[in-house]
Each structure stands twice: as C-alpha cells, then as structure tokens.
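Protein chains in written order, with the working numbering: chain D, 1 to 327; chain L, 1 to 327; chain R, 1 to 327; chain H, 1 to 327.
Everything labelled a hint here was simulated from the structure, so no lab data went into it.
Hints may be right or wrong, so weigh each one.
Repeated chains share a single entry, so a pair holds when one copy, or any two copies, can fit it.
Listed next, the in silico DSSO-like pairs over lysine-lysine satisfying Cα-Cα at most 27 Å (straight line) [claimed, not checked]: (1) K208 x K190; (2) K190 x K2; (3) K2 x K208; (4) K162 x K2; (5) K162 x K190.
Number of protein chains: 4
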Amino acid sequence: MKAIRVHAYGQPPRLDDVPEPRATGPDDVIVRIGGAGLCRTDLHIIDGWFADVIPSDLPIVLGHENAGWVHAVGPAVEHLAVGDPVICHPNLTCGVCSACRAGDDMRCARGPNLPGLMGVGGMAELFKTTARAVVKLPAGAEPAQVAALADAGLTAYHAVSKAVPALGPGSSAVAVGAGGLGHIGIQCLKAMTPAHVIAVDTSEDALKLALSCGADHAVTADGQQAQQVRDLTGTGADAVFDFVGEDTTIGDSVAMLRPGGTYYLVGYGGTVTLPTIQLVLGEITVAGNLIGTNPDLTTWCAIRLLGCSGCLRRVGPGNVSGRAERS
Amino acid sequence: MKAIRVHAYGQPPRLDDVPEPRATGPDDVIVRIGGAGLCRTDLHIIDGWFADVIPSDLPIVLGHENAGWVHAVGPAVEHLAVGDPVICHPNLTCGVCSACRAGDDMRCARGPNLPGLMGVGGMAELFKTTARAVVKLPAGAEPAQVAALADAGLTAYHAVSKAVPALGPGSSAVAVGAGGLGHIGIQCLKAMTPAHVIAVDTSEDALKLALSCGADHAVTADGQQAQQVRDLTGTGADAVFDFVGEDTTIGDSVAMLRPGGTYYLVGYGGTVTLPTIQLVLGEITVAGNLIGTNPDLTTWCAIRLLGCSGCLRRVGPGNVSGRAERS
Amino acid sequence: MKAIRVHAYGQPPRLDDVPEPRATGPDDVIVRIGGAGLCRTDLHIIDGWFADVIPSDLPIVLGHENAGWVHAVGPAVEHLAVGDPVICHPNLTCGVCSACRAGDDMRCARGPNLPGLMGVGGMAELFKTTARAVVKLPAGAEPAQVAALADAGLTAYHAVSKAVPALGPGSSAVAVGAGGLGHIGIQCLKAMTPAHVIAVDTSEDALKLALSCGADHAVTADGQQAQQVRDLTGTGADAVFDFVGEDTTIGDSVAMLRPGGTYYLVGYGGTVTLPTIQLVLGEITVAGNLIGTNPDLTTWCAIRLLGCSGCLRRVGPGNVSGRAERS
Amino acid sequence: MKAIRVHAYGQPPRLDDVPEPRATGPDDVIVRIGGAGLCRTDLHIIDGWFADVIPSDLPIVLGHENAGWVHAVGPAVEHLAVGDPVICHPNLTCGVCSACRAGDDMRCARGPNLPGLMGVGGMAELFKTTARAVVKLPAGAEPAQVAALADAGLTAYHAVSKAVPALGPGSSAVAVGAGGLGHIGIQCLKAMTPAHVIAVDTSEDALKLALSCGADHAVTADGQQAQQVRDLTGTGADAVFDFVGEDTTIGDSVAMLRPGGTYYLVGYGGTVTLPTIQLVLGEITVAGNLIGTNPDLTTWCAIRLLGCSGCLRRVGPGNVSGRAERS
C-alpha cells in the first residue's frame, strides 16, 4: 500500500510502497484511513525538532490525527465491527496501569506510544492501532471531516475542559491565537461555559473566523492587546488560553489575567519567563496542557459532529451517537 | 406608610398604615420598594404552615423577594448610594462567622433572619435591611422586573450551580415542574451547562413555556414520564431537578436517573421514601437545596438582566453591571 | 477441584467437586485462591434475598472477596506473572466503555458481572477472572490477610473517599456501626482526613475496637446518640457514614448532621423516609454508595498492607508496592 | 505608646513614641499586642525592596503578623469582647465585594490594605484593625505563641490546602526549604493529607527539624536532590512546594515532579524560566500562592493551637475553640 514516510530530517517526506499491516494481536484494529490531519507538529517532525525530545528510528510513516473505517479486528475486540466509522486517539495505552484506569490516557505507565511521531502513522491506506485507542463515530459520519479533531481538536477541548469550574456566569476567557487550535477552543468555550469569550490575533481574517465561531469580542494584537482585555473585563480575564505559546505571546497573555487567574499554555515553542513576585502577588497559575484523554475525544467528537452539545445519547461502550428527535 | 400584614394565620392579610423604618444602625439600608414577589411560601405563611417550622410573632409584614432603590443608608455603608437600584438577599447575615466568610450565607451562625417570614418584610413602601443583604443592580435596571429573582430565581440558580460539574457535554438534565421555579431552572441549565434539558410537567402550557425558555425536549407527565426520560437518554438522566417535591413527583423523578445520578430536591411538601437497596445499587444521591448565597444572587441577576451570561464586567464591590459594547 | 456451591435458596451451600477453570480467553486470569471473604451479602445470597434483585442460575460458587496467587494467564496478559500475589476486584469490566475509561468500574456498560453473586466465585481452589479485575500485591503479601478488602474494605474506602473534600481541618465525621465495614471506615477516615471521628454502636466491644482503630470518640447508641453527637460537635457532624442502613439507624444518622451536611448510606436493608422540608431547610444530602473502583482497591490495599499511607511507590502498571527505605 | 517605625529605606527602624490609636469607626478593633512576628518580608520592607511594588508613605510602623488581646471595639462589633485573645489577618477587607463574599480575602475589591507594609502595623503596644480581620482564639491562648501564624503559617497552610485534592493515599509531596515556612508546610501536609512527605534543604539542622515535624524523608540539597526525589517516588512527586522561590530552587523543584504534577511557588525572589515544551509535554502546572484567607487563618490556628486537627468545635461566629473531653 502507499504511505508517506520521513527518511531523513530536513528532507521532504516520500510516498512509498510499504507492506499492509495485519491484525495479529488480540486487540489489534486495522483502520482504512478516511483522512489524516496535518498539523504543525508534523512540520516539526520533518524538520527534526523532535529528534531529541521524542526519539524514533527512521523512516517513520507520518500521521497522528487519523480517522477512517474499521478494516479488520483482532479476536478480543468486541466493541467494533468491520465498516464502523472511527476516529483514533493519538496515544496507544495499556489499559491496566493506574493512569489508564483513572482515564488519564496521556500518562499510561508504558510511556508515550504515538503513531506518526514514534512509529507507523496514518498517512497511509491502512493504519494499525489498538482497540482502546479507537472511538466509534455515529453511523454515516464522514471520517475526513473529523480527523483533525484527533489532536488539534482534542487538545483545545482538553485545555478548555480544565477551566470549566472557573468559568461560571460573569466570567471571561481569552483565546490568544484564533487559528487551527484557537478557533476550536472558542467553540468549546461557547459550548461548555457561560464565559464571555475574547479572541486575540494579529490577523483580521482570523478574528473574523473567531467571531463566526462565537467569540463575543475580537481584539487585534497590535501591542495594546493586554490593556484592551483589561479594559473589556474590568479586572482582567479569569482564564487565558495561549494557543501560540511563543515568546511573543506569553508575557502579554499573563498580563491579561485578573489576580488569581490561570494562564493555559497550549501552544509551544517559546520560554515562560516570569518573575516570582508577579506570580505570587497576582496568585497566578500557569497550566501546561498535553493533548487529551480518550473520554475527551469521545465528548469532543460528539460536540462537533452533532452541531450541538446537548443531544447525545450514550448507547454502549465508548460510542458517540446522535439523536434526531426533538420536540 | 402602607404595608401588607398578616395578623392571624388562616386570615387574609390586611393593608395597614405603619411607621416608616429608619436607618438607625451603622450598616442599615432602607430600600424604597419597586417590587416584592409573591410565591408559594407566602401562601404557606398566611395559612400557618410555617408557624411551627419558623416561628414568628404576629403581625408580620409579608415580602421576602424584594427589589427597589436605596432610600437611606447608615454611616458605615460605603458601597451603596441613595437612588441605586438594588435587589435584596432574603437572609440577613452577620458577615463574620465561618459560614459568612466562606460565602455560605444561608448558614450564618446567627441563624435564619428572614424578613417577610420572621420579621418585617418588603410588601410595604419602605423596607429596612442591612448592607450585606443588598446587591446593587446596573444603572437603569427596573427593580419590579427582578424582584422574584430574590428567592424563586435564586433557589433555582443555586440548585443548578451545584450540578454544573456533573453536566458536561453529552450529559442530560431533567426539570420536573416547569412553573415558577422550573422555567427559571431551565434557563439556568441552558446558560450554564451544555446538558440536554428535558422538561416534565402535567400542563401543556407549562411545557410550551419550557420549550420557549430553551428546553430541548418536553415530556408530558402522564404516568409514563420516567420511562420516556430513560428512552430519551438511553441510560437515564445525570441530574433531575424536582421543583415540585410532592409525593407525586419524588419516586418518578428518582426513576429518571442513570446509575450514579443525582436527584436535586428543590420544591417541598411531600416525603422522600426510598428503599436503601435502590439508593445503594443505583449509587443515587439525593440533594436538598435551600435558597442560595449572596454571590448566587449577584450572578443570577446578571444572567437574567443582561439577557446573556457572557457580558458582565466586575466594576466594584458586589455590583452587577452590564456592558453594551460588542464587536 | 473443591468449590462451595449454593444449589437452592434457603439451603446450606455444599462442598462439591467441580472441573478446574482454564485460561481460554486472551485476557483470562486463573487465580489460586489464598483466601475468600465471607460477608453479609453471602448470607443474603444463600437465603435468596438477591434472587430478584440480581438474578442468577443455580448452582453458583460463592465468593466475591477473593485474593491469591496467579496460576495461569491468557496470551494478552502482560502485567501479571504466574506466582504474583493478587487481589480481585468484584466486578468484571469491558475496559472500553465510557464508564471504564473514566475509572467508574461499577458502572461498566456491560452491566454488573459479579462472580460469587452472578456466576462462579472464589470459594474454590481456583478462580477464573480477567486481567482488568486483578490488582497485583507487593511481593510477599499474604492474600488471606487482605481478601476481605475486595468488597468490605473497598466499599468503606470508596464512601470515605467521596467525603474527603468536605472533611478538612476542624470537621467531624461519624461512623454509625463499628463492625466489619465500620472499623475499616474509621481507619480510612483517620488515614485520609484530619476530621474528628466519632464512632457510634450499640456494642461496647465494637466501640472498643473503634477506639483502637483510631476513633477520637465513642458514643453508645442508647437512643440519645444523635443528641450526643450534636453536643460533641456543637452544630452537628459534617458527614455521617451509616454502615448499617437499617430503619433503626437512618433517622438518627440524619439527625446527627449539621445543616449542609451529608449522610453517606453504605449499609442497606431499610427504607429512607425523610420529609422534604427537613432535607430542604437543612440542605441535607443523602449519598448512596456502591462498592468501589479498581483504583480505589489499589489504593486501599496499599494503605492497609503497608501499615501507612505515605510510603507508596508507583512501580508499574496497576501495582501496589511498598518501600522500605526511610531516613 | 512605643512603636517600631521605618523612617527611611536602608536605615534601621527606630523605637518611637507615637499617639495611641482609638476605635473611632463602628467596626474598628484596637488590639493590645501580645506578639508581632518578624519575617523576611519585614527585612525586604526595611531595605526598600517593596518601595515600588507596594508603595507606602514613610514612616510606617512595622508588623504584619499580629496577635494579642482585644483592647477596645467600635459600636458595631458584636463578636468580640474586651480581653478576648485574638490573631489578626494581614489584609483589611470591605466584606461586601464579590471576593470578600466568596471568602477570597486577599482579592478584596478595595485592593490590598496591609498594615505593617502599607500603613500602621503591629510592632507597637496597641494596633488598630477592623472586626473582619480579627480571629478570636480559645480562652487562655497565648498570643505570642501564634503571632507568626498570621502570615508565615497562613501562607504555608493556604498553599497546602490547594493541593489536598491531588494528595490522596499513595501520593507524595516535597517541601523545598524546611525553614520558617517549610517546617509549617510539612506539619500541614501531615495533618491534612496522607501524602508521603519529603523535605529538601541544604542545612542538616533544617532537615532534622523537618523530620521532627513529621517529614517521612529528608534529602540534602547537594545538586542531586531532584534525582533523589525521583528515585524515592518512582515517577516524581505529585506536588512540590517551593518555600524558597529563588533561581537556585526553581528548576530543581520542577524537575522533581511527576508528569501532570504541580509546582507550588510560595517563596519569591527569583525568576521562573521554563521552556514551553517542558511544561506542555510534562503537563506541568505552576501555581503562585499569596498568603491566605480568613477561613484559612481560623483553621490553621486551630490545628496549631490544639495540637491536633481533629478536636475542634464550632462555637460561634468566627471563633476557634478547643474541646478537652476525649473518650
């Protein structure tokens, strides 16, 4: 079958012919790929940025945001049938460690097992994963439409879900960066909280997209954005989500917070440099965020696929399902 | 001034002439009443139902849901000025006990101090209360429109706010009784959570109101309502709010829950009678609810007055304020 | 092999010869039993009390509190080796439904799957279970000493763990019934919270046991126990754990609570009968409790086996392990 | 009366004669000082470090950790009587803003109002404060023994109390710096959580003190301390409390955390400098901490004064009281 492989860092990936994977283990699942997302992490993989952080033997097949249809399953897989539309969680987990049992999929005791970063990914015709990493989509769902939710969407949802307890009525939240992750984060904030949502970006087009996604206010990042957010909110925002995470956004993002507020760091690249006196006097929290859990993915797909968050029906093990009837 | 007073239980209250109250204490506030709500509790006071539960010397001036404008203040009151539109929390609190300091206004160590139930209420031209019980409304607010929020609205908001952590995306909530409290509860649920909201009532008019308030589904209480909720939700609802609390609603409401769900008891009158084996095997929680706190009232008025929850600006001590500017 | 089987309700179980189980499925685990606990639920099974609540075909092998050593494993089991000492969670779960993924083992979408109640239990030489239900004990642990933790201990731990957020410094908790579950609940309360712990029982011997387990105060249940708890605590207890759950304990237990407190119903048998006005004015919560999760079991065994809660080391997937070195 | 005043930054404070304060406002309280703590913040005030951060007109009377006996009260003060032993919260608050109503005393809308930093402090014979800032101690309490709890103790307690939900059985916590705040933090951790507590310090004497305060393990800060903590805990600690907050402790403290762990920054002076990739891949949280609330102070004094946390009785508005009777 065809697969897109990285053979050397700094070189363009190549379209290769590789052997088809087989469901050899009892919990194996082979997915016929319907869509595989491309995100900034793929570009970082290609240019070698991750070579030391998450080492992997080359060549690797790219693709960590994968969706498709079940092609084959191992003998112990009971909750999936051939033909089911599915989306794949990016980490393969053991299911029996303390972290897995507590729903904390990203911290499985086996360590990270990230196809597309560390092994054979989904930019191929077929993709081998395991039963625990597969979330069933509603019948008729179009995998290509949701593949990017497996990382970009999952990450934005996960960060927002942590902030829900602090974002009650009268609260305010800022999305710094209204691009690939940010415009999803804004949708999550509007679907999951009553917070006033302010989008901040340098691009007017991105701000238009943010407003069309439900942001209540758009602020151009022209150097005065922190002051503008403080003016809009009176005392600063309860939560600031930094979907960029570069040196250019970190200080301004923290300056947007009210005393006692939380800075959610989602994007990465820069360095957090903050005087301790600022963190202590402001009682500021800086919260790093890493992708999300399998329940996060199930929930987030449900929100996105069904166009609304309030119409889900739990119909069985790990499924996402919609319901048409409304009074 | 004129005041509506109960002179004997079971007798109609009378419109009397009584002396005007004065701001004699440092924290006193005299409110010129713009509106005083009438709720089922008032009817229970008149008919003597509360005579033993919350004893009070007669006559009493009715009125525990009060809003108006500041008429006079004691010398220690700094956050209110004559003419400010305000709404009044129904409990007068000490401000220095552990409960007050933790925001748990209904459990002030001084015990309940409920004007309109235990003393001089707001069905009068002027009403004497204390600074801690007064919430400032936005300039131009019309007190008569919000007076009923001081108890009916506050109670519904408080119960819903407890359920927020359990009502994430994909969850479902039921409002049993879509009347005076229920239709407010539905609005709170829709404003504060992504839950699918099901309204249950015997009255088709009440169900129409519920749908116009945002309920996603309406179920007629015809004896099959518990089964209908289970069918709609697949496994039962995550939360059921019983705004009636009579023997006719309790059993059915609990039967609507999924295993692990919570029954929020808001209305009262009947008796909860449930076998322990049902509560244990279903791991069901029954949560009683009592009015709400001062922060609850501030937040709830904000939601209601501004027509949306996401446009508030904190402008000072204890105020509720709106903002017009939107991008 | 030998096994203890119930052939007819109301008849004594018999010691039978039955075939040995085999690890036929990929995730099967055969445990050589070191100890199987006997609890009141077993007596209820024998007398037929559960015949309608949890139907099962007779004969059944008794035994739902099981511990021993791994005898054989299926080919997909990686975290267990033959000879490992283990304790068994009482519910067999699918591992891929929403409840399992969130660590909510008792609400697996496959429904209850309770060996010893619904199928072949552990009162036998060998016991067949599945990998997800097996918790590894530290090397050298003596299974017979901990078998009863698999239900009685797990249930007490689970109920206490729910109350931890409400049991800060200065709080008080009551254990009603200091028997099989209660004396474990008291140990959990002392290990996990700074609450003042009051034990209530009719038996002086039980109260002596309670004090030796760490209870701060012992109250004889002589009809004045609710008043005594209120006197001891000033305003009533923050949490009351009813390990009995009979009609004789329910009303008194609720009467021990402070306003806003929670009644944890752990034992079962009677009927909760409470006026709505009592639940509403007191803002009382009644919380049913059902056994516990796999993480609960891992944690609880750790507390008990190691004689202290503060000396654990996470050493791999789902294990419980101790550490000798102390400064 | 005598008072210790700073007349110029960088100059030693002087013992001056100043007029006695009077209870002129309705909520004023005059405290006859029994003890006033001296902490590193006082040294920073004297040397001018705070001149820009928290500006104040000179001269100022030092002393922000104050305890003593009530000397006089204003006419609206009901919960205190002349002669009561008391401890004083370091921030004077309005009591009616949103923050005060929610128990968030450090973020009163009036802004910081910190006697000893911004105005007249307690290093004097008499000290003027307000009713809301005064916590009554048990009869017979010796104010000089607890004065330092008003800031050093309160701050350590507040930080630990935030971590309680993450510090269940089997968890581990590290105290970096076992000096004035650290040795109190260790006591709080042991009293309030079942966590394994590891103390880290350069001084062997400090480590001995830490062990005598209940620390389970002592690690010398010799450059290998982060590795030692990882070895002791297997995967890293769940929580690290940095009571130093200098450049020399920040990086090592974060390196002691397990993935998903939280770094509580309590001391200050240095700069937090952390690559975003480290915070994101490790999903690390950095939590700044600022003193504590009035309920924190009440609770913490109770723990300390009574020698145990489980023997408190709530006896009225805002009091701390002990109880002698034990079974």
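Hints versus structure:
1. Within a single copy, K208 and K190 get their C-alpha atoms as close as 16 Å, and across copies as close as 26 Å, so both meet the 27 Å cut-off.
2. For the identical chains of this complex, K190 and K2 are neighbours neither inside a copy (40 Å) nor across copies (48 Å), given an alpha-carbon limit of 27 Å.
3. With identical chains, the CA atoms of K2 and K208 are never at most 27 Å apart, being 38 Å at best within one copy and 57 Å at best between copies.
4. Taking CA atoms no more than 27 Å apart as the test, K162 paired with K2 passes in neither setting, with 39 Å inside one copy and 52 Å between copies.
5. For a Cα distance limit of 27 Å, the shortest separation of K162 from K190 qualifies both inside one copy, at 14 Å, and across copies, at 20 Å.
Of the numbered hints given earlier, the model fails hints 2, 3, 4; all others are met.
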